[in-house]
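Take a look at the letters that make up each chain.
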Amino acid sequence: MTKPKVGIFGLTGCAGCQLEILNLEEQVLNLLALIDVSYWRMAQELPADPTNLDIAFIEGSITNEEEIHEVKEIRENANLVITIGSCAGSGGVQGMRNIMDNDKVKAAAYKDLSGVRSVPVKGVDEVIKVDYKIRGCPINRDDFVSIVTSLLLGRQPHVWNSPVCNECSMQNNDCFFERTTETPIYRSNICLGPITEAGCGARCPSNGMPCDGCRGLTSDPHISQLVTEARKRGETTEKILMLAKRYSAGSSAVKKSFEEMR
Amino acid sequence: MKNKENPYIPFDATITSIKELNRFSKSYRFDSPEIRELNYEPGQFFEITIYGVGQSVIGATDSMFDEGFELAVLNTGGLVSSKLHQLEVGNVVGIRGPFGKPFPMDEFKGKNMLFICAGIGFWPVRSAIKHVLANRSDFGKMNVILGVREPSLFCYVNEVEEWIARDDITVQQTVDGIPEGEQWNGEVGLITVLTDKFEIDNPEDWVVLCVGPPVAFKFIGMSLNNRGFTDDQIYVSLERKMKCGIGKCNNCLIDGRVYVCQNGAVFTLAEVKALPGGLD
Amino acid sequence: MATYHPLIAPVPNGEDFVFAEVKSSKEIAFSFDKTKKSLKEFLLKPEEVLMTASFTEGKAKPAPIDDTMKILFGARPCDITALELFDQVFSIDYDDPYYLSHRKNTIILGLNCLNLCKNGFCGITESFAPKKGYDIMFTELPGEKFLVESGSLTGEKLIHKSMNVEGVKEEDRIPIIQTFKSMNDNLSNEKSLAGISSIMALDHQALWDEYGEKCLACNLCTSVCPTCWCFTVHERIAVSADDLSDVTKTEKYRHWTSCLFKDYHTVSGGHVFNPTTASRLEFYYKHKFKGIPEKFGVLGCVGCGRCVSACPVGIDIRESLERLTNVEIDIYEPSESSESSESSESSDVITELRL
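Protein chains in written order, with this note's numbering: chain H, -9 to 252; chain W, 585 to 864; chain D, -16 to 338.
Check each hint, because a few of them may be wrong.
As the list claims (entries may be wrong) - Partial list, computed: chain W residues near chain H (C-beta under 10 Å):
1. Ile634
2. Gly636
3. Val637
4. Asn659
5. Gly662
6. Leu663
7. Arg733
8. Ser736
9. Pro860
As the list claims (entries may be wrong) - Reference listing, derived: stretches of chain W covered by chain D, where coverage requires no fewer than 3 residues with Cβ under 8 Å from a Cβ of chain D:
10. 815 to 828
11. 831 to 837
Note that these hints are calculated values from the structure, not bench results.
We treat Cβ as the ideally placed atom computed from N, Cα and C, and that holds for glycine.
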């Protein structure tokens, strides 16, 4: 097996997903035995070669014109383009500025607006064809490893196609959404597990936090049912939808599924 | 079935030949000591495991009377079928089976046989056709009706031409439409254009084997009823999600009670109609 | 030398109780409503590797089955009734070696209920007094003692080997028999689900549509249910972030799934057989109250009420059964006064059990 030539690129984001890959620690060497990393700005000194790649991993969302240009170039130079994390997949948390007043956001962030050339936040697949998305904020190392090895063996990565609740209930977790007494006192008014794609091992609920929805919508999200229930618990529709869109306001597909819901 | 003590474990089989059936489909022949001892009947199915990739349920495409063991696979773009289409001669896959109830070929002896094959439904029916051809004197008249979406999707074309050349078998073919650039001089229209015209004298002497998408069963069934066939003369094969093949995992249940993997996949149309959701 | 086996027993967990391995009898909750989840996770593992093979060469080998002998204390009558179904499911036509091995290597010590539990309706499902399925059944007696009855050879041996067991005096039995009888009388009233199978064949679309509007398809009901056993099977490359050394080793594994998921009904090519949540709920109820009774001769529900407690949106199986059958199901509230009965003496009976 010839080692595939791999590039890892970072756009706008916190670089946490790239850090997760670095966090493989001793396994990084095993990974490097399988792939030839020819471009990885975060972990590598120059020279680097971002051309003729077998696989390009892209982290971060598109937030300006330069990045639109950059991803098009990456696409031309790679056989497979795989996004890592919510930013590249669906805009990430910074996508929230798409649903706010953009001028106010700019004014709050910058003193001098003359150099700001931002565009609405976009997931990478809004601009170029993406072959596969590794979900999560940040990505899960096990997920990354299993997807990369799958691709190396010419196999499509496995998708759960079921909600985080599937994995959560396979573990000894208490449900955040369950009614604990007859006059309901809830552990949480909202948990995004039922509408979020599994694959993270129910990481947050297993550590005492309701699901944040960072992996994006599952294939059959029961959004209206979730909103109805959360409203009964005293939440507003706006708040729930804001939470549900927190990682994916840069995705037109997600926007569409929320519109369909209304 | 092999591995009775652990029914989840497949045996290894090596791909010995691959044939392109049309631009979406390929057929595979396999060999291994287990395959040489394999006993299966038309209508039964196998589960093929691509190690590390996934598993898929596929009906037998040939009959025991043929040489070699063959399965045909449509590339749906899914995990398993797309990987299967990348495999080469010499690659190893895992096979479990046969599973399910076969077409009761012994009960059909002495009957006239009508085979109706819509799209890839031809493959499991082919197994029964080949069974009848190998035991031709046991059966009466034999008619085969083939329908596909467009001319280039016909499979086993040479073989069908051989059947057409025989005088003890009647073959009729139709296509739903003819896309630009394709040639077709035969019948155009849904498969019911042929069943509607099917001439018979004594419907009770006939048995129909019909495989295709369940939605087609409804229309083919109506058409055949008009020709005088009753629903319990019509045998169909159903498709459902299957994970274990042995009636444990419940994925193939219809109406919460009928296991397609154990009670089928072959049913009479009468049975299917009595099953809520059976024709979905 | 006597060897002790891992002991799994109910322990408090917030307001609820869960099964967990305990090191000392002091951890065990002897007086508990019922565990939040059923005991199925010890017999049908949430995820289990079935076999390993090589990506290129095949050569599939069954995965080694963890067959450590375990003792599970605190199985309620409903849980044990559900095992009657599971034992059939996993041995009919084909043996499921994984389930059967876990089952064989788990000693089930049942604990009879003397109080009606929250959301339970075992009276109507007739699952409060199983005749088999356990090794030993415990019934708490006044005076910090337990009545122990064996339900298997293993159970009988265990009782004989235990040091703290004495013959039952008739006068000890009287109060317990009375308590048990009065509870049973309460439970086994004229109400029954006998006709449910034919009722399920009728059209109840309005009910399914109503539930479909609410249901989150989160699978909490199916995961806590002692009679739900649906699983899915997949293949994967056996690597993890901690072990990348061999990328050619593959695994066939299964994990719990739920008929409420769309994926459960989706076939290759994308067709979905039960496309709406309403149709999946119908499937769920039909399987429990028609499919299972027809195939296995028992109801697919043991009236434990766990799904009622678990459902985030308040879908109540008692309500649906009432509406389906017109049989009113009494809703019992657990009494506040059920005092703890953790005593050193009663605990000893359990800790002294050994093979």
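Task: Violated constraints from the hint list, given by number and in increasing order - done: Violated hints: 4, 7, 8, 9; rest satisfied.
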